[in-house]
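Peer 1: Residue 162 in UniProt numbering sits at position 162 of the sequence shown, and the numbers go up by one each step.
No incorrect hints appear here.
Below, simulated BS3-like cross-link-like pairs (lysine-lysine); rule was C-alpha separation at most 27 Å, straight line: (1) K122 / K45; (2) K135 / K148; (3) K148 / K34.
Keep in mind the hints are simulated off the structure, nothing from the lab.
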Amino acid sequence: MLSGHIPSSFEQMESLSSIDFSYNQLEGRIPTNKAFQNLSLDAFKNNKDLCGVLFLILASSGVFFIFYRKKIDVKEDQEVQKDLFCVWNYDGNIVYEDIIEATENFSPGHCIGRGEYGSVYKAELSTGQVVAVKKLHPLEDGAGLGSKAFLDEISALSEVRH
Numbered sequence: 001m002l003s004g005h006i007p008s009s010f011e012q013m014e015s016l017s018s019i020d021f022s023y024n025q026l027e028g029r030i031p032t033n034k035a036f037q038n039l040s041l042d043a044f045k046n047n048k049d050l051c052g053v054l055f056l057i058l059a060s061s062g063v064f065f066i067f068y069r070k071k072i073d074v075k076e077d078q079e080v081q082k083d084l085f086c087v088w089n090y091d092g093n094i095v096y097e098d099i100i101e102a103t104e105n106f107s108p109g110h111c112i113g114r115g116e117y118g119s120v121y122k123a124e125l126s127t128g129q130v131v132a133v134k135k136l137h138p139l140e141d142g143a144g145l146g147s148k149a150f151l152d153e154i155s156a157l158s159e160v161r162h
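Sequences and hints are given; from them, build the entire structure.
Peer 2: Rendered as structure tokens:
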């Protein structure tokens with residue numbers, strides 16, 4: 001049984017075509033090279049601290065950048081947050097409220113992993129669809145937004161497909 005982080009040396013293995021990390025105790029981020037991008041979710045099954053299996057993070061990341069770049073007063077900030085902080089499902093329905101309800105406002109019981117920039121929660125939406133949602137930790141004054149680790153994580157999450 002493997003434990004710890006997936007070694008970064010896997011990212012340099014360009015000829016790697018198949019790998020299965022299921023049923024281990026791995027944690028941290030999933031490498032972004034071609035071999036990892038084409039893997040199914042089963043290849044990472046039962047690694048509760050492994051991050052990267054998400055598809056809703058892109059909308060949350062956009063909101064995150066908007067709020068840290070604009071300096072507006074508290075009242076306007078609350079109005080903008082209410083309008084912008086909604087997530088649209090692929091069929092056009094708003095699912096933010098479903099996510100809050102399904103995770104019981106991101107309660108620890110629904111947390112399936114933690115990373116440097118946020119926590120991952122399992123949510124079963126009212127439609128029966130089960131999703132993983134990453135809630136980003138607030139950063140002070142946008143610290144870390146330009147870091148390679150943060151940009152790598154956003155890049156990896158934007159590549160995830162089910």
